[in-house]
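Respectively, the protein sequence lines represent chains A and U. Sequential numbering of the first sequence, starting at 1013, is according to the numbering used here. Sequential numbering of the second sequence, starting at 430, is according to the numbering used here.
Derived by calculation from the structure, the hints in this document are not laboratory data. There may be inaccurate statements among the hints.
Unchecked claim - Partial chain A-side listing against chain U, Cβ under 7 angstroms, derived: (1) Phe1090; (2) Leu1091; (3) Val1094.
Note that the coordinates shown come from a computational prediction; the quantities given were computed from them, not determined experimentally. We treat Cβ as the ideally placed atom computed from N, Cα and C, and that holds for glycine.
The chain contents come next:
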Amino acid sequence: MEPLINPNEVVDLVIAVLAIPILLRVVRLRPHREAPFFSLGYGFMLCALVVTILEGLIWPDLLNDAEHAFYAASGVAFLVAVIRMPGPPAYSEHDTP
Amino acid sequence: MNRLVDVAAAISVLAFGATTVIALSKLPSRESGRSRTPLIALAAAMALYTFVGFSNVVQYAGITDALDLFEDYAELLFAPLLILAAAATEAQIRLDERSHSANMLQQQNDLLMDIVDTSPVGIMIVAPGGHITFANDPARHMLGIAESPDTGMLTHPAWTLVDAEGGAAPLENLAGDQRISGARRIMTWPDGRRQQFMFSVTPMSDASSSLGGAVVAVEAVTGR
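Next comes chain A alone, as it looks inside the complex (with noise of 0.2 angstroms):
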């Protein structure tokens, strides 16, 4: 009988969690206009990780089309954010981040 829920996914989970504070901290390092999106996509991308694993515990074919929605969701506003992010310094400069 396949468990209920995967191990593979709390850890995916867990991980992703604990990335929050350093990725905050570079968010509020540089609050670039990319930063929301960024924040929007990791998110949504924790969203997707949670119902991952609520998909195993209850309502399953919702949350499946949940999980995969804010997947998509996610990668949208990741696009956003690497559009919205400055092009490549065409060579060495001081600038202030």
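Could you slot chain U onto chain A? The hints should help.
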């Protein structure tokens, strides 16, 4: 077959795939001196979820579910790669801050040097032993200071200094820890010529400086 899941998986592949390509297209050149690690790590993380989405698409399309085995590994590596990207970004930000501070300091230094070079007053730095370590052009002109071609050190003719009462007042006396304002000194040149100068001294041996010595301003008063 679930149409919502199919569409979501397809959007995931396209979005994460495009994110990977755009992140790689924004990599700084090697010549720029900027770290490429943040964007490479970010692109790798996005590529992993491109793979996860692709695995789902081919699975739900009934093509194969062989890739499903590797999805867990891809998902497991996602957050560590983002952590790497974040850590490398933070390091680059710190480096930028340091470069910016160094740049500002250099600009301030250049400005001060411009002011010193433009001043009609002679400005020099005298080390504790009386050796002149810096002199602007007016100071060099007034006191005959020149750079030794052999050692690169500043030297001056063997003139002597006395105070208003005729007591010996060598240059090293000015490099003490006393602030002096407008002290008159009479200089006797080796050829016997006498010239009067006014010296003002700000010691450098305070808590904010470990250099020692003093900044000395000098003005010729003879003939006024």
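Hint by hint, here is what the structure shows:
1. For A:Phe1090, the interface hint holds, since its Cβ comes within 7 angstroms of a Cβ in chain U; the closest pair sits about 5 angstroms apart.
2. Because the closest C-beta pair between A:Leu1091 and chain U is about 5 angstroms apart, less than 7 angstroms, the hint holds.
3. At a threshold of 7 angstroms, the smallest CB-CB gap from A:Val1094 to chain U is about 5 angstroms, leaving the interface hint in force.
Checked against the numbered hints above, the structure breaks none of them.
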